[in-house]
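Participant: Chain residues, written in single-letter form:
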Amino acid sequence: MVKSRSTKAIRTTCFLAILGGAMFAFQNCGPAFQLAGETSSSEGSTGSKKMNPFTCSAPGGQSVSSIRRLSKAQYANTLQDLLGGAAFAQIQPTVATLPSDEMKLSVNDIQKVISDTQMTAYQNVAEAVYNQVLASSSLAQSIGGACIVQATVTSACRDDFIRNFGLRAFRRPLSAEEVGRWGAQVFALGESSLDRVGLVVYGMLMSPNFLLKPEIGTEPADADTFALSPFELASRLSYDLTDGPPDAELMAAATANKLSSRAELAAHVDRLVSSARGRAKIRAFFVYWLNPQRYSAASFAADFLQGVDVVQLNDEFEREMFEYLDYMVFTKKASLEDLLTSRESFARGPAAEVYGHVPHVPNGPPAIMSAERKGLLMRGPVIATEGNETHPIVRGVKIRTRFLCETMGLPSGVMTNDPTFFSDEARALHSTRFRTDGLTSQGACVGCHRLINPPGFAFENFDGLGRVRAVERAYSVQGAFLAEHEIRTDSSNVLLGNVQSVNISNGLDVVDRMLEANTMPGCFVRQAHRFYKAQLESAEDDGCALSSSYQKLMVENSEAPLLEMFKSAYLHDSVFRRRMK
Amino acid sequence: MESWSRRGVTKMSRISRRHFLRGIGGFTLSLPTLPSLLAPGKAFAQSTSVPKRFVAICNYDGYYESVYYPSVAADVQFAPDVFSKQLSTIGGPLSELLGPQFDPLRPKMNIYRGLDIPGSIGHSAANMLCGAARIVFGDTSPIDPVGNSRSMDVVLGKSKAFYQKVPQYLSLLGQEPSYNYSMSFDKDEAGKTVRLPYDRYPQDMFQRVFASRILDPATADKFKAKKITIGDLVLQDFRSLLNHRRISSDDKVVVNNFVDQLQSLNTRINAAPSVLTCSRPTMRNVATGYWERMTEQDRFNFFSNYIDTMIAAMACDLTRVCVISMRLFGHDHGLSHAAPGNRENQLKYLENTRKIARIVAEFATKMDAVKEADGKSMLDHSILFWGNEDSNGGPHSCISMPAVSFGSAGEKIKTGYYMDYRQRPFFRHPDGQNIGRSYTQLLVTFMRALGLPPTDYLQYGDGGGFGSFNKNVSYTNGRYIPYEASRNDVLPFIGQV
Numbered sequence: 000m001v002k003s004r005s006t007k008a009i010r011t012t013c014f015l016a017i018l019g020g021a022m023f024a025f026q027n028c029g030p031a032f033q034l035a036g037e038t039s040s041s042e043g044s045t046g047s048k049k050m051n052p053f054t055c056s057a058p059g060g061q062s063v064s065s066i067r068r069l070s071k072a073q074y075a076n077t078l079q080d081l082l083g084g085a086a087f088a089q090i091q092p093t094v095a096t097l098p099s100d101e102m103k104l105s106v107n108d109i110q111k112v113i114s115d116t117q118m119t120a121y122q123n124v125a126e127a128v129y130n131q132v133l134a135s136s137s138l139a140q141s142i143g144g145a146c147i148v149q150a151t152v153t154s155a156c157r158d159d160f161i162r163n164f165g166l167r168a169f170r171r172p173l174s175a176e177e178v179g180r181w182g183a184q185v186f187a188l189g190e191s192s193l194d195r196v197g198l199v200v201y202g203m204l205m206s207p208n209f210l211l212k213p214e215i216g217t218e219p220a221d222a223d224t225f226a227l228s229p230f231e232l233a234s235r236l237s238y239d240l241t242d243g244p245p246d247a248e249l250m251a252a253a254t255a256n257k258l259s260s261r262a263e264l265a266a267h268v269d270r271l272v273s274s275a276r277g278r279a280k281i282r283a284f285f286v287y288w289l290n291p292q293r294y295s296a297a298s299f300a301a302d303f304l305q306g307v308d309v310v311q312l313n314d315e316f317e318r319e320m321f322e323y324l325d326y327m328v329f330t331k332k333a334s335l336e337d338l339l340t341s342r343e344s345f346a347r348g349p350a351a352e353v354y355g356h357v358p359h360v361p362n363g364p365p366a367i368m369s370a371e372r373k374g375l376l377m378r379g380p381v382i383a384t385e386g387n388e389t390h391p392i393v394r395g396v397k398i399r400t401r402f403l404c405e406t407m408g409l410p411s412g413v414m415t416n417d418p419t420f421f422s423d424e425a426r427a428l429h430s431t432r433f434r435t436d437g438l439t440s441q442g443a444c445v446g447c448h449r450l451i452n453p454p455g456f457a458f459e460n461f462d463g464l465g466r467v468r469a470v471e472r473a474y475s476v477q478g479a480f481l482a483e484h485e486i487r488t489d490s491s492n493v494l495l496g497n498v499q500s501v502n503i504s505n506g507l508d509v510v511d512r513m514l515e516a517n518t519m520p521g522c523f524v525r526q527a528h529r530f531y532k533a534q535l536e537s538a539e540d541d542g543c544a545l546s547s548s549y550q551k552l553m554v555e556n557s558e559a560p561l562l563e564m565f566k567s568a569y570l571h572d573s574v575f576r577r578r579m580k
Numbered sequence: 000m001e002s003w004s005r006r007g008v009t010k011m012s013r014i015s016r017r018h019f020l021r022g023i024g025g026f027t028l029s030l031p032t033l034p035s036l037l038a039p040g041k042a043f044a045q046s047t048s049v050p051k052r053f054v055a056i057c058n059y060d061g062y063y064e065s066v067y068y069p070s071v072a073a074d075v076q077f078a079p080d081v082f083s084k085q086l087s088t089i090g091g092p093l094s095e096l097l098g099p100q101f102d103p104l105r106p107k108m109n110i111y112r113g114l115d116i117p118g119s120i121g122h123s124a125a126n127m128l129c130g131a132a133r134i135v136f137g138d139t140s141p142i143d144p145v146g147n148s149r150s151m152d153v154v155l156g157k158s159k160a161f162y163q164k165v166p167q168y169l170s171l172l173g174q175e176p177s178y179n180y181s182m183s184f185d186k187d188e189a190g191k192t193v194r195l196p197y198d199r200y201p202q203d204m205f206q207r208v209f210a211s212r213i214l215d216p217a218t219a220d221k222f223k224a225k226k227i228t229i230g231d232l233v234l235q236d237f238r239s240l241l242n243h244r245r246i247s248s249d250d251k252v253v254v255n256n257f258v259d260q261l262q263s264l265n266t267r268i269n270a271a272p273s274v275l276t277c278s279r280p281t282m283r284n285v286a287t288g289y290w291e292r293m294t295e296q297d298r299f300n301f302f303s304n305y306i307d308t309m310i311a312a313m314a315c316d317l318t319r320v321c322v323i324s325m326r327l328f329g330h331d332h333g334l335s336h337a338a339p340g341n342r343e344n345q346l347k348y349l350e351n352t353r354k355i356a357r358i359v360a361e362f363a364t365k366m367d368a369v370k371e372a373d374g375k376s377m378l379d380h381s382i383l384f385w386g387n388e389d390s391n392g393g394p395h396s397c398i399s400m401p402a403v404s405f406g407s408a409g410e411k412i413k414t415g416y417y418m419d420y421r422q423r424p425f426f427r428h429p430d431g432q433n434i435g436r437s438y439t440q441l442l443v444t445f446m447r448a449l450g451l452p453p454t455d456y457l458q459y460g461d462g463g464g465f466g467s468f469n470k471n472v473s474y475t476n477g478r479y480i481p482y483e484a485s486r487n488d489v490l491p492f493i494g495q496v
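Note that the protein sequences, when read in sequence, are chains A and B.
Taking numbering that gives the first Met the number 0, the leading residue of the first sequence gets 0, the next gets one more, and so forth.
Taking numbering that gives the first Met the number 0, the leading residue of the second sequence gets 0, the next gets one more, and so forth.
Chain A extracted, bound-state conformation (with noise of 0.2 Å):
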């Protein structure tokens, strides 16, 4: 028997179902609440989407909190730039042991300093390059010319191959004194041509300004905020916008002096944000702001599924998310109100059928997914939790945190399996909106998930791989079927970023108003900038860049809102500077 809520007190923790579906008690959160290390000093005014609320007070410098590596896929791409595609392939492997560090889910992920581990990935590359130019004269040409595989090599053209590789492995040219080095120093240490090739490559590839990109400027004076010399400038655009070196055009602007103004920068910058890479990096920012998920069929119950192929359609719901957006920001040119309530759809197989239209055709017209669901929080990866019952706390953690900025507290250390709530019994009783509310709505839980319950009851028409249902259907831990439950997805007095407090009647709700403050969006650009910089902004250094941003994505009438967002931080003044802290 399943004792009544009335009869049986509830612990004096509350219950949050976060990543995975874990039940974690928590307390003293709230909008206000921030996490170590995650604090943010740029906190605008609430108002309408209109009103930006970020403020320019002194477009001074642009802040780096420190000196940064290479990211991987940084570092990836800067060596399959320097060695061509083919010699990248066979070393790839040994690239792929460098440790990941990817931004999944806040700037804390990139660790500042490096391990054992990785100094030692980075020596097994520079090593497995080194062997790679000692088995292949061909590849030594490729890097050093053609004189320098000659059984006597004339200074000038050893000269000429320090400068040159120098120039691309680092981002800038090398001073008289630095190739006068590498050549006594390093290259004079081989004994063979191809042995001399590869232990300067062997060497810059371990160097700090192969490794790092240092911003140190060129200006003598010592003053706190510096203009940046255009080498690293360059390297800045390039490596922010597309994870990748500076192309041939922008060394040459660089090399020429001419990244000195904004209309200097924009054709670069246009074609940055359009490159290969820098699409990429604009799907992985969307990785990273909406941290999607998969579940393997494991985690579902057969009847649940309905002979639904889960390793199937996570792989269709990967791909037409990432279709979805390129239209949305290329080719479309969209807002971001576009991009959160457009109902068009890319989707084809398990997922067209989820999204309930008939499968897209490749390169025809988008399809039209049903009125129950728009944009891209409605979509799977999104919206999909995992087991046989929804976690709308999983949900309203991630609408809190991810499109309203808004962080998390201490999670009071008691757990339970409280039957009253988490038994078959109970499942078969009562819906998990009710249990959800049954477990939260006491004590000290209140503060918190009355901001994350509501949006995440919102969703409740969406199950756990993110179909559409008119009714709830319980299970138990065996994954037998036991009731059906008739689901509510509306709140009353529902703050979400706006001045004074909303009604809401489903998730359609939510995003429509979300979308008429400015929270939501000024979480946007936020996350933006994070992703970008791989840092927290500050009002100090930032807030010229992240106003500019908001001013390009919702106040003014850009031709492309999205786009105009993610290149105007780079346009903006402040990109030529660095403060230093």
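Derived from the structure by calculation, the hints contain no laboratory data.
Computed from a predicted structure; not experimentally measured.
We put the beta carbon where it would ideally sit given N, CA and C, even for glycine.
Hints are not guaranteed to be accurate.
If you want the footprint, here are the derived chain A segments under chain B, 3+ residues with CB under 8 Å [said to hold, decoys possible]:
(1) 91 to 98
(2) 109 to 116
(3) 193 to 203
List time: in silico DSS-like cross-link candidates among lysine-lysine, alpha-carbon distance up to 25 Å [what the hints assert, rightly or not]:
(4) A:LYS532 / B:LYS157
(5) A:LYS212 / B:LYS191
(6) B:LYS186 / A:LYS212
Knowing the structure of chain A, use the given hints to seat chain B on it.
Facilitator: Here is chain B on its own, set in the frame of chain A:
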């Protein structure tokens, strides 16, 4: 749950099998499998002493107490709240989880019960190897262990008492690709918690450890000297950058770290043999990519590849610390949370946990098959620790943390026992288990057995010793208070050799 990789995002794809084979030069395919490739005495024929090693196999989501422990009681009392049972006296399988594959290992293993981390919570990656509560949890936050905690594998890796000579690689850390959840913690120079990176595919680990060593011995020796020379030159560049006036204090943390790592690398290059002194393992062909696409056999092969790579690396003394993190084969996190009284549920969960047990037994058995110069096995000189981030599956509590160890670290701990450290009379925690003593004592026992003096580890915790121990945690009526004094002691009976 599996986070999206950047597979569909970037142009850089996973290694194809063709590339992989090309990359390793084709030398692996004709090699015999472990342990036969490591002839008795071969690995350390030149060594005067056999090194000790530490291996950890880390699991997630907890366990069911009733199927984990032997069904018979540990009934021989050694001291108050210290009970033992010789594993050899237990008829039938050790427990529902620990089946016949563990029978040959019984004299060399221990099962521990009643070791708690009061004050910690479930899904804390700091539980198993730090023995420490975590301080922050969240969607966007790091999962930091309390205070100055570091994980035991990191402490070992940095201890000169453990590494009498510096190897080429400090530690090998591998995990299944569906979970990015490191249990290894360190601190950076600024005091910020750093989670150590794990390899996500055994091919990557193999590649890093073995495959790039393809130079012939003569060339390798010459190249080694040149690498050290170039390393010193590059160090000068780092130092020159460090001294630039536009390098901020934040920058210095980064550059100094590079300097330290490069110096360490140069030292390791100098100390390591130019060419391998033992054979490389054979890698099984396993599809890469999303874990959900792998067949069950692929998954077993996946872990066998880790095991063989790690054992070969230890036999070559390229590392002395290896950690594997793995979740359940069936990814039944939901099952792990269900009511512990549900027998059907337990059996389904057990089915998957047994697959992990099979991998643990494989690791221990293979280590036991590698004979060292003194005629004993690698396992005899090591500790293989199988643990979990949580204890009881339902509430994911931290009472009676699951722990099984293999090996005696050179007869420094007693083996062959089921140890029960729960307090008598029993006192039941609201989460459903009877409380015991500090789990940190187990990690301390391991570290002492592996040769570490207390000065190498006591500072890594909440201020009161290694890990954390909240004696005043609620629901326990002060029953932990008497155990605070012994939190940094080796475990009675087992550790008192």
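Participant: Against the structure shown, which of the earlier numbered hints fail to hold, in ascending order?
Facilitator: 4
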